[in-house]
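Enquirer: The residues making up each chain are set out below.
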Amino acid sequence: MKKRSFKGGAHPPAKKGLTAKSPIAAMPLPEEVILPLSQHIGAPAKPLVKPKDRVKTGQKIAEAGGFVSVPLHSSISGTVKEIGEFPHPTLGLSLAIKVEGDGGDEWDEEVKERANYSGLTPQELREIIKEAGIAGMGGAAFPTHVKLSPPQEKPIDTFILNGAECEPWFTADQRLMLENGEGILEGMRLIMKVLGCQKGYIGIETNKGEAIKNLQKLASPYGYEVIPLKVKYPQGGEKQLIKAITGREVPLGGLPMDVGCVVHNVGTAYAVYEAVAKGKPLIERVVTVTGNPVKNPQNLRTRLGTPFAKLLEECGGTMAEVGKLINGGPMMGIAVETNGVPVIKGTSGVLVLSPKEARYRKPRPCIYCGRCIDACPMGLMPNVIGNLVEKEKFAEAKEYGVFDCIECGSCSFVCPAKRNLVHLFKYAKAKLAQMRES
Amino acid sequence: MDSPLILSSSPHIRDDVSISKIMWTVNIALLPALLGSLWFFGLRALWLEVVGILAAVGTEGLLQKLMKRPLTIYDGSAVITGLLLSFNLPAGVPLWMPAVGSVIAIAIGKQVFGGLGFNPLNPALLGRAFLMASWPVHMTTDWIPTRYGTMNGIDTVTRATPLKVYQLARDYLSAHQGVSPEQLAQAKATLASLPHAYRNLFCGNVSGSLGEISFFLLFVGAFLLFIKGYIGWRIPFSFIGTVALGAWIFGGSQGLFTGDPLFHILAGGLALGAFFMATDMVTSPVTPKGKLLFGFGCGLITILIRLVGGYPEGVSYSILLMNLVVPLLDRYTKPRRLGEMRG
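Protein chains in written order, with the working numbering: chain X, 1 to 438; chain Z, 1 to 343.
It should be emphasised that the hints constitute simulated quantities derived from the structure, not laboratory data.
Here the structure is a predicted model, which is why all the values come from computation and not from measurement.
Any given hint could turn out to be false.
Chain Z is nowhere near these chain X residues, computed Cβ spacing over 12 Å in every case [as the list claims (entries may be wrong)]:
(1) Arg4
(2) Val80
(3) Phe86
(4) Trp107
(5) Phe142
(6) Pro150
(7) Lys213
(8) Arg359
(9) Met378
(10) Glu392
Capping the alpha-carbon separation at 30 Å, the derived lysine-lysine pairs in DSS-like fashion look like this [stated by the list, open to error]:
(11) X/Lys217 x X/Lys16
(12) X/Lys46 x X/Lys280
(13) X/Lys391 x Z/Lys65
(14) Z/Lys65 x X/Lys362
(15) Z/Lys228 x X/Lys3
(16) Z/Lys228 x X/Lys15
(17) X/Lys21 x X/Lys278
(18) X/Lys362 x Z/Lys334
(19) Z/Lys289 x X/Lys393
(20) X/Lys15 x Z/Lys21
(21) Z/Lys289 x X/Lys426
(22) X/Lys230 x X/Lys426
(23) Z/Lys188 x X/Lys391
(24) Z/Lys65 x X/Lys426
(25) X/Lys112 x X/Lys46
(26) Z/Lys21 x X/Lys356
(27) Z/Lys334 x X/Lys431
(28) Z/Lys289 x X/Lys398
(29) Z/Lys21 x Z/Lys289
(30) Z/Lys334 x X/Lys426
(31) Z/Lys21 x X/Lys16
(32) X/Lys60 x X/Lys230
(33) Z/Lys289 x X/Lys7
(34) Z/Lys334 x X/Lys393
(35) Z/Lys68 x X/Lys230
(36) Z/Lys68 x X/Lys362
(37) X/Lys230 x Z/Lys21
(38) Z/Lys21 x X/Lys391
(39) Z/Lys21 x X/Lys7
(40) Z/Lys68 x X/Lys16
Even glycine gets a Cβ: it sits at the ideal position worked out from N, Cα and C.
Next up, chain X with everything else stripped away, as it sits in the complex (with noise of 0.2 Å):
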């Protein structure tokens, strides 16, 4: 097999055998599920409801803040309890709404199946990805809706589906593609009618060899590619997976439309198949919830909303002492304060780690070994950064791409000086994000 790649990255240990065997098992219903306004990149959706509201499963509950936002639907029926500030597994603290469940999920009377969308506009079609509140689910959450919306000056020649799943542990996507393979295509198809592109490529890692048969299998009658790509972090990264499939480079501070490509995650495609075909709103997700302390890890298809601890409940609970929860993989995620906060959109995982594994590491002065420069998918002087951001030269460190930096984690990965690099690069974005405001 040809396995393309890009330059630099790292290779943590896979892991994905915890759960990569565990077909996706339907999450019970939660009794009552927290849906923060904020799930996306953009302004906070706006709440529709009042607490003490009746609410039914899929109905909207919030409306997009902005053009650069989504809706959000209630992901059970029930009752709104409260609108208030509630854990949130990225922000801290966030406004949410909490619904409380009446057990029946009752499902709202718009989310009708449509028997023929092959007659529908990119511009309905657009609209109902809009509608269904859907934001990119390989974990940035980006609004699906704004990145089908490229201007005129940019013609959009390639889609990218990215099946990659780089993170270690992390498995629902590799699930997806084998359970789920034929919907995923179909959204894929609805997506590309959308960008009026011709060109379909399908990036999967090679460590996914039934994935990669089984999407070979249905997209041939697509007429889609399938590309086997290099098992190496981050393979996944936008960037990183347009160079490896195309060749092309989007330029420093660009967006892949500048080279004519959008990318989109396999559960993103998923899930514009069911809003189109379904007419089903994204109220729930595939989830891998794994991590050594987990009793029994698996994948799990819950609803949005379901705090961790639930997901945790269900795979038996933890067998020894938790030392981190992580929203996301262990390279990007984010460890969350409390087991209460709620799956989201971007919610592609919940890793758990032991104190052992989590434990922190004192880091020591850069030895200028130069395994961050050869790890750095962007090309980028991670150890120089660092240094500078540790003496708050901002501006330089700007001057050395900082900015450019997508926070894959690699460069800390591999520092022998167990250095926090990406802790000092988001550090000195917020500062220097700080600067130009005031």
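Using the hints provided, position chain Z relative to the given structure of chain X.
Expert: The following block gives chain Z in isolation, referenced to the frame of chain X:
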């Protein structure tokens, strides 16, 4: 949950490669050469090496205690410095020399700047340069023959290292007067006989500094570091390549392109320098292009000293000089960013 969850930035997992793992692996990679020094020079070599290591580690510990800095004597880096310092000494030097050299290497070469990571110069080479300046007679004449061979691997008459023999021969050839026809003929014969030394040079059966003599044993260690990814190919390749090319073009007695590149690769401290000292992470460039240029500069200065300089060998000074331009090399050889348009 019983205990508070740990909150810290991604990534949440780390590679198991640490500073001490790298440093101790370098020490292991130096073991073949250490055993070689025992084999060729006897137990005396071991005492010199032990003294060098103890002095280095002791100095590091003492200074860190005095300055109330975290103790790092177990990370293996001071051991490397002590070992490399003793590797750079003639086998016949008195025992106090590695001690003095190591104290200077660690104190002036490393701790003064803030310890590992902050030193601009290779500490062991700085220690050696100090000894060379202070006790030049010891450093240039305390050679002893190996237990199984000759001083230079060519003949038994001359009391000199291979590179010294080479230098004398070249001096005769380039001198315009005062050289008898016999001396001239002998010098030519010496240069012509260099290939006879290949085998001894490759194994280490020649006189020289403790750890530099065996190309083979040093290569074995370097190969381990290469496999582990702790050294790259760029610095050794461009360093050795430049020396070989320079030796071939300018090093012969019959005009251009008549030199003996293999002799220059195998003789002296090139293997030790190119594999273990020019590749020191702290004092070499971090960028791929910078590494190539650094090795090229080291090679250029080495061959310049060997062919026209006053010393027979120039490896250690070449590395020290190139250490000084590392920040500059790094600055002007930044890698190209993904999506960066240049020119």
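Enquirer: Does each hint fit the structure? Answer for all of them.
Expert: Comparing the hints with the structure gives:
For X/Arg4, the requirement that its beta carbon stay farther than 12 Å from each beta carbon of chain Z is met, with the minimum near 15 Å. Once the 12 Å rule is applied to beta carbons, X/Val80 is consistent with being away from chain Z; the minimum gap is 28 Å. Under the 12 Å C-beta cut-off, the non-interface status given to X/Phe86 relative to chain Z holds; the minimum distance is some 17 Å. A cut-off of 12 Å between C-beta atoms confirms that X/Trp107 is not in contact with chain Z; the least separation is 35 Å.
Listed as outside the interface, X/Phe142 is consistent with that label: its C-beta sits roughly 18 Å from the nearest C-beta of chain Z, beyond the 12 Å cut-off. Every beta carbon of chain Z lies more than 12 Å from that of X/Pro150, the smallest distance being close to 18 Å; the non-interface claim holds. Non-interface call for X/Lys213 relative to chain Z: holds, since the shortest CB-CB distance, roughly 30 Å, exceeds 12 Å. Not every C-beta of chain Z lies more than 12 Å from that of X/Arg359, the closest at about 8 Å, which undercuts listing it as non-interface.
The Cβ of X/Met378 does not lie farther than 12 Å from every Cβ of chain Z; its closest approach is about 5 Å, which violates its non-interface assignment. Non-interface call for X/Glu392 relative to chain Z: holds, since the shortest CB-CB distance, roughly 18 Å, exceeds 12 Å. The suggested pairing of X/Lys217 with X/Lys16 holds, with an alpha-carbon distance near 24 Å, which does not exceed 30 Å. In summary, the hint linking X/Lys46 to X/Lys280 is supported, as the alpha carbons are separated by about 20 Å, within the 30 Å threshold.
This hinted pair checks out: X/Lys391 and Z/Lys65 have alpha carbons roughly 26 Å apart, not beyond 30 Å. Among the hinted pairs, Z/Lys65 with X/Lys362 is consistent with the structure: their alpha-carbon atoms are about 19 Å apart, no more than 30 Å. Distance restraint check for Z/Lys228 and X/Lys3: the Cα-Cα separation of roughly 24 Å lies within the 30 Å cut-off, and the hinted pair is therefore satisfied. Restraint check: the Cα-Cα separation between Z/Lys228 and X/Lys15 comes to about 22 Å, which is no more than 30 Å; the hinted pair holds.
For the given pair, X/Lys21 sits about 28 Å from X/Lys278 by alpha-carbon distance, which is consistent with the 30 Å threshold. Between X/Lys362 and Z/Lys334 the CA atoms are separated by roughly 28 Å; this keeps the pair inside 30 Å, and the hint holds. Restraint check for Z/Lys289 and X/Lys393: satisfied, since their Cα atoms lie roughly 25 Å apart, inside the 30 Å limit. For a cut-off of 30 Å, the pair hint linking X/Lys15 to Z/Lys21 stands: about 23 Å separates their Cα positions.
Among the hinted pairs, Z/Lys289 with X/Lys426 is consistent with the structure: their alpha-carbon atoms are about 28 Å apart, no more than 30 Å. Using a Cα cut-off of 30 Å, the hinted pair X/Lys230 and X/Lys426 holds, with the two alpha carbons roughly 28 Å apart. Restraint check for Z/Lys188 and X/Lys391: not satisfied, since their Cα atoms lie roughly 60 Å apart, outside the 30 Å limit. Distance restraint check for Z/Lys65 and X/Lys426: the Cα-Cα separation of roughly 35 Å exceeds the 30 Å cut-off, and the hinted pair is therefore not satisfied.
The hinted pair formed by X/Lys112 and X/Lys46 meets the criterion: a straight-line CA distance of about 24 Å does not exceed 30 Å. A distance of roughly 19 Å separates the Cα atoms of Z/Lys21 and X/Lys356; the hinted pair therefore holds under the 30 Å criterion. Under the criterion of a C-alpha separation no larger than 30 Å, the hint pairing Z/Lys334 with X/Lys431 is consistent with the structure, at around 24 Å. Distance hint between Z/Lys289 and X/Lys398 is fulfilled; the C-alpha atoms sit about 22 Å from each other, no more than 30 Å.
As the CA atoms of Z/Lys21 and Z/Lys289 are separated by approximately 26 Å, the hinted pair is consistent with the 30 Å bound. For the proposed pair Z/Lys334 and X/Lys426, the alpha carbon gap of about 22 Å is at most 30 Å, so the pair holds. Distance check on the hinted pair: Z/Lys21 and X/Lys16 sit about 27 Å apart at the alpha-carbon level, within 30 Å; holds. At most 30 Å may separate the alpha-carbon atoms for a hinted pair to count; X/Lys60 and X/Lys230 exceed this at roughly 41 Å.
For the suggested pair Z/Lys289 and X/Lys7, the alpha carbons sit about 15 Å apart, so the restraint of at most 30 Å is met. A distance of roughly 18 Å separates the Cα atoms of Z/Lys334 and X/Lys393; the hinted pair therefore holds under the 30 Å criterion. Simply put, Z/Lys68 and X/Lys230 have alpha-carbon atoms about 48 Å apart, too far for the 30 Å limit, and the pair is violated. Taking the CA atoms of Z/Lys68 and X/Lys362, the gap is about 17 Å. The hint holds against a cut of 30 Å.
Restraint check: the Cα-Cα separation between X/Lys230 and Z/Lys21 comes to about 28 Å, which is no more than 30 Å; the hinted pair holds. Annotation: proposed proximity of Z/Lys21 to X/Lys391 holds, straight-line Cα distance about 28 Å (limit 30 Å). In summary, the hint linking Z/Lys21 to X/Lys7 is supported, as the alpha carbons are separated by about 26 Å, within the 30 Å threshold. At roughly 45 Å between alpha-carbon atoms, Z/Lys68 and X/Lys16 are farther apart than 30 Å, so this suggested pair is violated.
Going through the hint list in order, the structure does not satisfy hints 8, 9, 23, 24, 32, 35, 40.
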